[in-house]
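Participant: We have chain C already, so just place chain P on it with the hints.
Letter by letter, the chains look like this.
Protein chains: 2
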Amino acid sequence: MLKDFGKRLRGIRLKRKFTQEKLAFTMEMEISQISRIERGVINTSLLNIIKIAETLHISPCELFEG
Amino acid sequence: MLKDFGKRLRGIRLKRKFTQEKLAFTMEMEISQISRIERGVINTSLLNIIKIAETLHISPCELFEG
Numbered sequence: 001m002l003k004d005f006g007k008r009l010r011g012i013r014l015k016r017k018f019t020q021e022k023l024a025f026t027m028e029m030e031i032s033q034i035s036r037i038e039r040g041v042i043n044t045s046l047l048n049i050i051k052i053a054e055t056l057h058i059s060p061c062e063l064f065e066g
Numbered sequence: 001m002l003k004d005f006g007k008r009l010r011g012i013r014l015k016r017k018f019t020q021e022k023l024a025f026t027m028e029m030e031i032s033q034i035s036r037i038e039r040g041v042i043n044t045s046l047l048n049i050i051k052i053a054e055t056l057h058i059s060p061c062e063l064f065e066g
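Chains as they are written, first to last, in full-length UniProt numbering: chain C, 1 to 66; chain P, 1 to 66.
It is worth saying that the hints were derived from the structure and are not from the lab.
For glycine and all other residues, C-beta sits at the position ideal for the given N, C-alpha and C.
A few of these clues could be false.
What the hints assert, rightly or not - In silico BS3-like cross-links for lysine-lysine, where the CA-CA straight-line distance does not exceed 30 Å:
1. P:K17 with C:K7
2. C:K7 with P:K51
3. C:K3 with P:K22
4. P:K3 with P:K22
Said to hold, decoys possible - To list a few chain P residues with every Cβ distance to chain C over 12 Å, as calculated:
5. E21
6. F25
7. E30
8. H57
9. S59
So that you can see chain C by itself, here it is in the shape it has in the complex:
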């Protein structure tokens, strides 16, 4: 589950031409945390999911489907 979420995040991030660094900087989050979310090794929070979606200009739905 976490890995699937992470893969979708990575795919959308790359499609939107965001580096991990740019996403992390914009969200005021550590790059390592973005990396861990994308690798599915941490169980991120609801607020982080919403912030990630806002930063990538997507609906949170896209991080759960496709």
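Facilitator: Frame of chain C, contents of chain P only:
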């Protein structure tokens, strides 16, 4: 944000005729935690969001939209 999420969860839970107790028991979670999520006072986790959606037989999307 957390409050909106909580309100949607509560609405869907009631529509699906789940009590907080039934949802909590099915997910092996404390009733108080479900209550806090619905009141928007805790920032729940990705895995909890996925488990809630599975238990209510909905897509996680429905917890973020509508």
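Participant: Next step is simple, just say for each hint if it's right about the structure.
Facilitator: Evaluation of the provided hints:
no.: 1; hint: P:K17 with C:K7; verdict: violated (34 Å)
no.: 2; hint: C:K7 with P:K51; verdict: holds (19 Å)
no.: 3; hint: C:K3 with P:K22; verdict: holds (28 Å)
no.: 4; hint: P:K3 with P:K22; verdict: holds (21 Å)
no.: 5; hint: E21; verdict: holds (22 Å)
no.: 6; hint: F25; verdict: holds (21 Å)
no.: 7; hint: E30; verdict: holds (17 Å)
no.: 8; hint: H57; verdict: holds (15 Å)
no.: 9; hint: S59; verdict: violated (7 Å)
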